[in-house]
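Next come the chains, spelled out residue by residue.
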Amino acid sequence: MTSCFNDLDTVPIDEDEITSAKVYEDPNAYRQVLAKLYAGLAVSGQQGPSGQADIAGIDEGFGQYLRAYWYHQELPTDEAVIGWNDQTIKDFHDQDWDANDVFINAYYSRIFYQISLCNEYLRETTDEKLDGRGVDGTLRSDVNVFRAEARFLRALSYYHALDAFGNVPFVTEEDAVGAFFPEQISRADLYNFIEAELKAIESILLPARSNEYGRADQGALWMLLAKLYLNAEVYTGNAAYTEAAEYSEKVIGAGYKLEEEFSHLFMADNDGSEEIIFPINFDGVNTLTFGGTNFIIHAAVGGNMNPADFGIDGGWGGTRTTSALVNKFPSLDANTEVVAPVDGNSANYSLLNIAGAHQGWDPASEATVLASVNNDSNYEGYLYLAEAGEFKFALGGWENNWGTGDGDGVLSKGGDNLSVAEPGLYKINVDTSGLTYTVQKTEWGLIGSSTPGGWDADTDMTYIPDENALSITLELLAGEVKFRANDAWDINYGDTGADAILELGGDNIIIPSDGVYTLKLFLDRPDYTYSIARPSFDSRALFHTDGQELEIADISQFTEGYAVTKFKNVTSTGVAGSDLRYADTDFPMFRLADAYLMYAEAVLRGGSGSIPTAVEYVNLVRNRAYGDGSGNIQQADLSLDFILDERARELAWECHRRTDLIRFNRFSNSDYLWPWKGGVAEGAVTAETRNLFPIPSNDISANPKLKQNPGY
Amino acid sequence: MKRLIKTFILLSVIVLGPAILLGQRTLTGNITDAESGEPLIGANILIGGTSSGTITDFDGNYSLEVPEGSSTLVISYTGYSSLEVEITAANVLDVQLSAGELLEEVVVIGYGTVKKEDATGSVQTVNTKNFNKGAITGPQELLSGKIAGVQITNSADPGGGAVIRIRGGSSLSASNDPLIVIDGVPVDNGGVSGSRNPLNVINPNDIETFTVLKDASATAIYGSRASNGVILITTKKGKLGKKISVNYNGNVGFSNPIDNVDVLNADEYRSLINERFAEGHPSKALLGSENTDWQSEIYETGIAQDHNLSLSGGIGVVPYRLSLGFTDKKGILRTDRFERTTAALNLSPGFLENRLQINVNLKGMFTNNTFANQGAIGSAVAFDPTQPVLDASSPYGGFYTWTQANGDPNTLSPANPVALLEMGKNRSDVQRFITNATVDYRFAFLPELRANLNLGYDYSKGEGTNDVPGNASFAYNSATGGGVKNTYSQEKRNELLEFYLNYANVFGSTKIDVMGGYSWQRFFFEDSFFNSDIAGIQVTEGENSGELYLLSLFGRLNVTLMDKVLITATLRRDGTSRFSPDTRWGLFPAAAVAWKMIDGNGTGTLSNLKLRVGYGVTGQQDVGGFYQYLPRYLSGFENARYQFGNEFVTTIRPEGYDANIKWEETTTYNIGLDYGFLDDRITGSIEYYLRETKDLINFVPVPAGTNLTNFINTNVGDLENKGVEFSINAIPVRKTDFVWELGFNVTANENKITRLTATDDPEYLGVLTGGISGGVGNTIQIHSVGHPANSFLVYEQVYAENGLPIEGLYVDRNGDGQITADDQYRLNNPAPDVFFGLTTNVTYKNFDLSLAGRASIGNYVYNNVQSDQAFSDRLFHPTLYLLNVHSDINEIGFETPEYFSDHFIQDGSFLRLDHITLSYTFNEIFKKSGSLRVYGTLQNPILVTNYSGLDPEVFGGIDSNIYPRSRTILFGVNANF
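Residue numbers (this note's numbering), protein chains in the order written: chain E, 64 to 775; chain G, 1134 to 2110.
The set of hints was computed from the structure by calculation and includes no laboratory data. Here a beta-carbon is modelled for each residue, glycine too, at the ideal position from N, C-alpha and C. Any given hint could be a false lead.
[Stated by the list, open to error] Derived list of chain E stretches under chain G, where covered just means 3 residues or more per stretch with a C-beta under 8 Å from a C-beta of chain G:
(1) 109-119
(2) 270-280
(3) 339-353
(4) 378-384
(5) 639-648
Using the sequences and the accompanying hints, generate a full structural model.
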């Protein structure tokens, strides 16, 4: 009967559940457990998209690492608001969270979950244990690198803890699992630990750009070090800008390439991008979560946005941005005008109506008219005829009308209809006293030093009937242009006085900088005018404005505040991701453009380096954004304020904003206010203690060695 | 099983040992029933003044060696008056016993029985005579409201289970369910996948008695599973000496919803939209022209029928009972259906002059469930009443659906409630068999000693499928084709071996009864699931299995002094594989003393008075998970892999664990007074108890970084329940043709958490609990120190002079000038302060009227239907759909939801009449024998409450579109012949 008592010594009989003593009997386990360390950033549990959660005390989707990270880095800033009624979520933007906040607790728990997992991995892969299991050869050297990656991931999470919570409990692989109270480490000591760890593993990690996609290498490590150094003054009180510039430079020199199209960085096929240094990987079939980019994309779609455009089944209607971010872009209008047209029709000239089949033979219609700029009998204008047809001139009725007279160019009152043999844009001059007229077909082009043909050959423009305008979109160099007809100088217009009114043979029109422009020529009647517009000014201004208010009166209403269209589950070729419910899009945690901007900032803040190089790096980023050099800055433009705004434009919603604002002392106590900061529509100053989140009260209770951050 | 068989053989060798026979003279005879002349099998025959005697065999015969000088024989038989007869010169002594009055009511306790009057613990029994009548599907419904301290909240779905709480819950995170022991087999009451109620294995018609062990002196014999009380269910047996008797019970019932959630009707809704939004607002274009009452679209009359046939009697030495039952019950929610077939066989033969008694039970259940999608309940309350049910142009099964611009369903809007019910089939087949055999042997050489072996096997299997077509709007996916094709199955195999020895003897005025035993139980489950869309693109599948062993040694000593003072002491040592070798063994002692101050024959008003005092320690090992103490790793699913290069790697995760986890321990103090007046026409008891749970398992945050998870189940808390119970049973009228019986009980229980964390941090808020509808992750309740479990955590609403709440305005309770989380306070809780049960039965000639009701005072409910649906922001959603609102919007008038206002914490006190049953019995329908009873029941006829929602009886206290209880009319017949 006593043998029966041995029955109590059971071990799991489920194949998915293995005792820790046995798990590493399978050599594959080293890689699979490592995969969990990475997956801890991407999924919320062992079953996608939810189930067998990693952490508890929070809705599983809320507790996913990236989603929690995003909440903390974006919602308290000018870059994002969220409309939902989930627990205390609105406290983020109001900056009035407290130590009991479940979201803060979730982020903190996630960070320490990662750290605990990494520690466990390091404990299980010591030389002693590997020797004991007879691990050698390739596996042994692989595991050596795996261990370094685990230490990198631990440093990454400790960095997040350092940044968000400051003074946190400190545990390493030296601490076994069990009931004990970890010591609290000071923010400065934690900084030193992270720095030392990263330096210690630098030579073990694989060289930049040589590891498998998704796994950390030296590029990721340099990026993390650069960030650590850039914020060193915040973390320790001592600046380390030289080191920040140095490690940014290492990244820059490693061969990463800016993605050609900015928007492609945030799409379903961004895993091919050479700009991304360290991603968090997602996949619509294999890596499912209600957090991550799946959350970022779904939550941002609402109102009258079409979910299909984002490759999703339907939006969750939650997140938007404030006008503070929107206003950092020069203009959102895709046709930002360099020169706006003057309303030629407003000039009070006397008119001569052109009646014909094209407008229903109405002698009173002002749809097509000629005008007399001197209010005499000489009228001029351009008539577009979509097809060959007949017409007459009339003065507001049939009482006074003119048709063809005897001979070429002779007009007669009440004469027969005039006609043209082919469609086109005709320049017409009429003298109702002298009874003469000319009808001349015109073909238009753009010529000048800015154009591809220089002053030698013009580039043809196209007539757009709906706009009564000739139009052309092309890449121009800084320089001069003119409009001319029929490849000749007989009819050419310039703009004397730069008043947007064209004069025959007028002065050359200035094109201020290189770029893609749309020029339009409005010739239907004097005064003739034109417009020059930039079809895309800053391609990073990715907002949905239709049906949305710029300003927010009620944060709960999705339609208040512009929606952000940056992240999509659509590939760069426009194909939806592999599942509409879960995104394929990877999250670019570290990417090259950030390194450029960090370098510039570090140098500007006094780190060793070259200011001209900094300007060059910033312009690389801006050149990509503008598609050309039109957005480039000069050395004089490079200021810290510019950098902060530029980081918002370039890196919005990529989890940098809170850290950036704090580094620039603009997060809480400064005079930088944004809508609903501090829970007030116009924005309010908040306490400086908000620069750190509180240690969650859960941990204060669980661990008597912890001291709460000031102000909580 | 091999081990079981070995043990059985071992035991057989012991019992077959030769008996030693002494004596000078042999008396033989025959014991029969005085009325029927049937032989009485197993009757006790003792030689007067000694403890030696014998038992009659299956023909009622006995043979006994009588020493010189013996003068009397004492003959006793359960249910009959004992008789002392003089020994004459004759060697044959036949005796007739009269059934007469039941002298001694015997109560089943763990591993044995005790005379009711000798019970020392808080033990109460309900038997066939006073079961609830009416529409009974699950066994627990027989018991509802009958016993002080026992609260049963039945669910409303057909065949659904119940939450049973005995003297409040002793746990927070671990199970609060009582241990249920069916015919000696402690069962796994977790239920198998696809099952609505694990107790469905027993047909209520097969149950003879429920015995509820409430205090620790009674329950401690079940050690680590006894903290929440024990319910012993004994099923009916055949009777030897009876000719075959046949019983048929059948009924048919019709159920209807009592009331609907008060939402706006279509006209009211249209005018609200028109009044609220300006001309040209997109909401106007969304309004439909229909008048749909969505709630009436999803409910219908639920028709139920129930048939039971039982045959019982005795064939030779084998009493038998065979019963078959069939239930077909349709819920009031359309498409909801429960079909059950049960079969039970009991054989209870006695051998070797009844010294060897065997009792074999076979119980089987087959159920087919069709589960209605209960999402339809909330959806019907929320759906725009101006839209039609059907829309011929809809590609989504022809059901009206809110769509996006591209025609795909709007994923945020509720699905059409009728589509939820009609599109898709969610079914399960569940079988459960509980088999056990007890062998009880009274040693021939030492009749005071008896050995008892109990072997049990509990098998259950559930299989289910859920299919939803791809064109259902709620399973739509344009990329994959959508739809749902899920299957699951689970099998549980639980084995039991128990053996005990019992020695009972009388030494002068002292009676001693000692029992000691061993128990071995193994629980095993394996399950699997396969979730997929129709095309098989998004697939999740998994398998899981686990086993749990419970081993025990236990003993009990009963001493009766001068038939006045009763002493019971029990001790159980329990081991469980759930905990580590260092913590897996626990010792659970208990002791009780009872003093029969006035006993039975007392003349005068007070006929009976017994004082009982008990103390005991019990445990709770059901803390969830089988290996929480063990470091282990868990593989991930295919859809939670991580991409390395071009490969998706299946992950392995180290799991959090608490190496030191152990059981919760509850110490119970109980003092009770049993009383009887007027020759026990009035009986009852009053009791006070204090239950202190320590090492309470709480799901608490681990110090960050110290474990492989952030929360863990560990032993850190303390909890206290104290209460008073009072019960009275009276027979105010007892005449030949007219009997009126009355039963009433009342319980007051107070629950308080006294500790929750290892560090006793005064700032520690507590454990948030009680998830609500509205937002994601919002909770309304909290476990915190100094307060009852599940107290509501809310803001104090400020009201205008007209008595209406002012939106978003709360009392600044801490006076810091701002409203923050610190201004929340703990207000009431869902558990009643006091609850009552009332039963009465009036028999007049052949008429019988019975009714049963319950009342509850001080149970608070969070009206989540109101809080989530009575605000105007929800009327129009910017993704272009409309939602209905609760009619209280006119009164409350909130724009945005105010989930945490105490306005929604409402007093759920209620008085409910559970049933009224009227029956008429036709006697002697077949010449001399047989009877036919016809009856009609009105189930749930009256509910009196001030609660503003549909029904205040909500376990957990959060009323969020629960399945509404129905009102049922039932007609039935019960025939005996």
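Please name the hints from earlier in the document that this structure breaks, with their numbers sorted from lowest to highest.
-> Going through the list in order, the structure violates no hint and respects every one.
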